[in-house]
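Number of protein chains: 4
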Amino acid sequence: MVSFESDYIAGAHPKILERLAETNMESLVGYGEDRYCRMAEEKIKKACNRPDAKVHFLVGGTQTNQVVISSMLADYEGVIAATSGHISVHEGGAIEFSGHKVLALEATDGKLNAGNIDAYVNTFYADGNHEHMVFPGMVYISHPTEYGTLYSKDELAAISAVCRKHNIPLFLDGARLGYGLASRQTDVTLPDIAELCDVFYIGGTKVGALCGEAVVFTHDNAPKHFITKMKQRGALLAKGRLLGIQFDTLFTDNLYMEISHHAIEMAERLKSLLKEKGYRFYLESPTNQQFIILDNAQMAELGKHVCMSFWEKYDDSHTIVRFATSWSTTEEDLRKLEEYL
Amino acid sequence: MVSFESDYIAGAHPKILERLAETNMESLVGYGEDRYCRMAEEKIKKACNRPDAKVHFLVGGTQTNQVVISSMLADYEGVIAATSGHISVHEGGAIEFSGHKVLALEATDGKLNAGNIDAYVNTFYADGNHEHMVFPGMVYISHPTEYGTLYSKDELAAISAVCRKHNIPLFLDGARLGYGLASRQTDVTLPDIAELCDVFYIGGTKVGALCGEAVVFTHDNAPKHFITKMKQRGALLAKGRLLGIQFDTLFTDNLYMEISHHAIEMAERLKSLLKEKGYRFYLESPTNQQFIILDNAQMAELGKHVCMSFWEKYDDSHTIVRFATSWSTTEEDLRKLEEYL
Amino acid sequence: MVSFESDYIAGAHPKILERLAETNMESLVGYGEDRYCRMAEEKIKKACNRPDAKVHFLVGGTQTNQVVISSMLADYEGVIAATSGHISVHEGGAIEFSGHKVLALEATDGKLNAGNIDAYVNTFYADGNHEHMVFPGMVYISHPTEYGTLYSKDELAAISAVCRKHNIPLFLDGARLGYGLASRQTDVTLPDIAELCDVFYIGGTKVGALCGEAVVFTHDNAPKHFITKMKQRGALLAKGRLLGIQFDTLFTDNLYMEISHHAIEMAERLKSLLKEKGYRFYLESPTNQQFIILDNAQMAELGKHVCMSFWEKYDDSHTIVRFATSWSTTEEDLRKLEEYL
Amino acid sequence: MVSFESDYIAGAHPKILERLAETNMESLVGYGEDRYCRMAEEKIKKACNRPDAKVHFLVGGTQTNQVVISSMLADYEGVIAATSGHISVHEGGAIEFSGHKVLALEATDGKLNAGNIDAYVNTFYADGNHEHMVFPGMVYISHPTEYGTLYSKDELAAISAVCRKHNIPLFLDGARLGYGLASRQTDVTLPDIAELCDVFYIGGTKVGALCGEAVVFTHDNAPKHFITKMKQRGALLAKGRLLGIQFDTLFTDNLYMEISHHAIEMAERLKSLLKEKGYRFYLESPTNQQFIILDNAQMAELGKHVCMSFWEKYDDSHTIVRFATSWSTTEEDLRKLEEYL
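Residue numbers (the numbering used here), protein chains in the order written: chain A, 1 to 341; chain Y, 1 to 341; chain R, 1 to 341; chain W, 1 to 341.
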């Protein structure tokens with residue numbers, strides 16, 4: 001068996017385990033006030049080219065989305081997201097649990113469109129009855145999206161401009177941010193994101209860490225008493241060091257980008273392999289997730305040797321499956337896959 | 001000026017005011033425990049032909065939707081509703097405020113389709129990942145819908161059957177129920193609704209009362225400690241008599257249906273008038289709300305003499321407007337309208 | 001039988017019913033935008049001597065407390081209240097339902113003490129760990145309290161000063177405000193309250209109305225999009241006229257104070273009567289609620305003829321009961337009571 | 001400097017880091033479905049002597065309290081806890097954020113008393129007005145408590161009996177459970193807890209793990225769709241292995257108890273040392289937390305060399321400080337402390 005099931009099938013990058021072991025017996029204060037958290041914050045601010053940023057560390061993606069969104073919205077506001085967005089579908093209603101509506105907009109290949117957002121907000125305010133409706137209070141995008149696709153710098157700038165025009169923050173879910181930044185088909189850099197977004201997070205769980213997401217408030221705009229808000233939502237880790245040390249390691253010697261490039265290299269070879277063998281792609285993805293349409297018999301056969309992720313039904317006899325590479329994917333994994341295909 | 005702006009532009013039916021005056025100085029216990037509430041409950045149960053029903057009185061529609069839905073759902077569940085449903089759009093996120101997601105399904109003329117609901121629930125359970133998603137825990141329909149349309153008895157029975165198959169309750173928002181029951185084009189009776197739904201409400205605010213909605217749990221299925229749940233949501237009226245006396249009056253001597261028939265009579269004459277004059281209907285509505293497409297200049301001109309409700313933009317030069325009749329609409333109102341058209 | 005069970009046993013003051021009847025067929029816009037709501041607002045602002053106030057009308061007390069408190073607190077904040085405060089005990093957890101903690105402080109005869117509030121807030125901020133605690137974000141007091149007692153002007157000014165020193169709003173629950181203002185033992189006027197509080201409400205339900213509470217934000221400090229917040233909490237009445245007309249009537253020709261004085265006159269005579277007959281008072285109340293300690297046999301006997309309210313167990317053989325007068329109490333009621341005592 | 005500031009100042013027990021490294025490159029499914037989670041569950045069930053238990057792994061204590069309490073309560077219910085309980089004071093209102101009230105009862109040295117709980121519940125149901133109040137729906141106790149104290153087996157059995165009499169679950173917060181079980185002054189075993197409680201958790205964060213708490217539902221009573229509830233609260237860890245491997249290690253070869261005994265040994269020597277030197281104890285604690293009253297000058301001086309935790313003001317010139325030992329405390333730490341005292 002070989003697994004391309006997800007990008008969180010392995011533990012952590014070995015350098016992270018090493019650093020955890022090296023620092024293990026140091027006495028450190030809790031709740032993210034330790035020096036590793038501060039060092040990681042400084043390195044991230046530098047990588048983002050934002051001296052006025054503030055960085056907080058959370059444990060997982062759904063938690064981060066819930067904490068950030070519900071901390072930044074007024075109670076009469078909801079968050080605009082793609083109908084296929086992670087918060088719209090796959091987080092068990094975590095945003096609604098915190099009292100807010102997800103205002104779902106149609107998306108193409110997982111991506112929102114600046115014009116559609118603008119039209120939505122304009123229509124909202126033009127409606128004489130809008131005081132009886134949920135105000136659009138934030139835009140949430142994923143980059144890469146849930147389908148592995150990416151916004152171009154122009155697309156991102158256009159969405160950012162719409163948000164700033166309407167004075168609502170732009171939040172970018174970067175659970176797989178490394179794989180977006182390392183893509184061969186992107187013109188978007190980390191400083192671009194930090195400039196165009198009001199808040200975003202740098203995913204650790206899927207990019208080399210045991211767990212952890214680094215939330216970046218890009219311009220002195222962290223919500224007041226954010227620590228209390230994290231605590232109140234059960235999201236403040238006692239041993240903050242676990243997150244600080246991991247992100248400090250990932251942002252030392254370019255490790256985060258290095259392992260992201262590796263995953264993309266593996267993804268590109270996976271794509272070539274699948275194309276060579278004549279597999280049909282559901283869409284063109286420039287990142288580490290590849291979506292293939294298999295007929296159901298073929299899927300059953302391949303499933304005996306290869307773990308992949310059932311995505312959705314395509315039609316009665318076909319299924320969309322996802323192959324994901326990650327920092328942990330090896331050449332041996334690809335060799336085995338080739339054999340089974 | 002004459003107003004067709006909504007079905008809540010007037011106070012209460014005169015008989016209600018009379019009864020409030022007659023009973024005014026009686027000493028009555030609070031919180032819905034008084035004898036008028038109990039009398040109203042008995043009359044409603046009889047009208048519904050459900051001796052095993054339980055009736056509670058609430059003040060308004062959004063409140064009722066929030067209290068009923070959040071009281072009946074488990075926390076991991078959301079409510080299926082039409083994208084155009086009142087809870088989906090025009091209640092300021094009241095359902096999300098209570099922690100639950102509205103699972104919006106496409107609708108036709110405001111109506112959900114049994115097959116679509118069934119497909120949605122089947123797809124949900126077929127998804128290997130559904131434990132990460134919001135469970136469908138209730139179906140919400142409006143009857144009449146927000147577009148004035150009605151479910152046929154067959155359509156309602158089909159939706160009911162889907163709900164019972166999946167063991168999720170069917171909730172009918174009857175804010176304008178009288179106007180649905182009195183329509184010339186319906187085969188649905190109050191006992192039908194009581195049999196096919198698990199919970200529904202009989203709208204008072206828009207059908208002759210100063211305020212008030214009567215929630216009917218149809219088969220001994222009121223949530224445990226519903227009074228406490230009402231209190232907790234700020235929805236338990238101290239002087240419950242205000243609601244009890246109104247519904248007792250509405251359900252005495254067939255008043256509720258009588259005034260509903262009057263509104264329908266007025267609506268039918270309004271329709272004829274608009275048709276005669278060549279106005280274009282947005283859709284065919286068999287109840288008290290009529291939707292007309294006006295060009296914007298025409299709308300401005302007519303607006304000098306007639307209050308109507310801006311509904312939504314039709315295209316750049318046309319607007320959909322709503323004319324509503326109600327128990328309080330008079331022949332004189334129609335005569336004036338004819339003059340201005 | 002004669003009833004002193006509560007101050008909401010009767011309907012509405014006859015002038016209110018008259019005005020409802022007179023205005024009944026007027027076409028009015030909904031949701032509190034009608035001219036009666038605006039007239040009532042102007043009269044209340046004038047009575048408060050606050051041209052910069054904003055008035056909103058809600059239906060009941062628990063609803064008002066929930067809407068006001070949850071609309072004004074940041075999510076990391078709770079509300080300071082007496083352990084005996086209505087929101088602490090008798091609202092089914094409505095504040096917690098909206099996500100906020102009630103920070104209960106010990107009280108004397110239902111009253112908070114400025115020094116205790118100050119000490120609480122100082123201790124909070126002195127605690128090195130306070131970022132892990134609920135921030136004190138508002139002070140809630142009842143006037144009259146749940147025990148019928150009143151703050152003196154000095155006491156109220158002292159609490160107000162503490163609140164302003166710490167920059168947290170003071171909210172006064174005036175469900176029975178009329179009976180406080182009309183007391184023979186008060187030096188607090190409506191303009192005093194409007195000056196010393198940031199928000200308060202003028203109770204209607206218990207002072208002559210069918211239902212309704214008038215919330216006064218005293219200095220241009222109504223929360224942004226308060227209408228949407230009301231809607232979202234199910235608290236925006238469609239026929240706002242019902243509230244506007246009632247408060248317009250109550251604030252015309254001094255009716256609110258006149259009927260409050262009547263209730264106090266009745267309460268004073270009730271007190272004299274009870275004292276004459278040798279009944280034991282639980283505490284000295286200067287308003288319409290009187291608390292008497294009865295032995296349980298006496299209570300059972302008296303209960304055959306007089307409705308009163310069981311308050312709490314005093315000891316194994318005695319019970320505290322409440323007698324309440326109101327605008328609707330008559331001399332005949334007192335005469336009957338005298339007979340039964 | 002030497003630190004006795006808390007029991008979470010160090011990383012993880014070295015065996016845990018070893019196991020994380022050994023298993024690091026194994027492909028495992030996510031979300032707690034991996035074999036290490038299942039192995040850990042089996043070992044915990046065995047240690048608890050409860051074959052019918054169900055174990056779930058969460059990341060931290062506040063999160064666990066929020067998820068367990070809000071998952072098990074009906075919406076009209078609150079949780080009984082000591083006024084000094086962690087959920088009452090130091091979790092930023094996490095329980096209220098989830099919509100529920102903490103019903104705080106007076107406690108002695110952090111401990112609730114069975115008789116008081118019983119009286120509280122009896123009084124609640126005896127109150128004629130209890131439908132307007134928050135129902136007691138669970139009892140929460142900490143063992144050890146926030147003051148390091150322990151319930152005896154008899155005390156625990158008495159509380160359990162009260163809960164079962166009233167049919168409300170007993171939840172034990174075991175954030176420091178190991179240190180309670182290893183105390184020299186306890187007669188309570190892990191199987192006792194599993195028998196007497198309905199749900200409890202075995203703390204990892206403070207007892208050798210990087211993070212993690214193992215929730216044990218003791219008798220087939222895990223809430224329906226608990227995984228979805230965790231997800232909805234942002235509490236479902238993608239790499240569940242991180243928790244599974246840690247608890248599997250802690251429950252292999254008695255490691256959890258072994259390191260707990262070490263902490264207690266260190267605590268007993270700390271106590272002896274402090275007593276020898278004439279320090280004054282705030283209370284007698286049989287576990288790893290020791291509370292000492294220092295005069296403020298003494299505290300400042302000692303603070304130059306020793307990290308300890310400011311607990312609360314004792315009087316104007318004295319402060320209560322806490323010294324905590326843990327699995328990571330060394331003889332060298334004690335030797336240094338002796339020097340500084």
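These aren't lab readings, by the way, just hints derived from the structure by calculation. A portion of the hints provided could be inaccurate.
One copy or any two copies: either way a pair holds, since identical chains are not told apart in the list.
[What the hints assert, rightly or not] Here are the simulated lysine-lysine pairs, DSS-like style, with alpha carbons at most 27 angstroms apart:
#, residue 1, residue 2
1, K275, K54
2, K304, K224
3, K275, K43
4, K313, K54
5, K15, K224
6, K336, K45
7, K43, K271
8, K45, K304
9, K165, K313
10, K275, K15
11, K111, K15
12, K111, K304
13, K165, K336
14, K336, K46
15, K43, K224
Just so you know, these numbers come straight off a predicted model, no measurement behind them.
*Any hints this thing doesn't respect? Which numbers, in order?*
Result: hints 1, 2, 3, 4, 5, 6, 7, 8, 10, 11, 12, 13 and 14 break, sorted rising.
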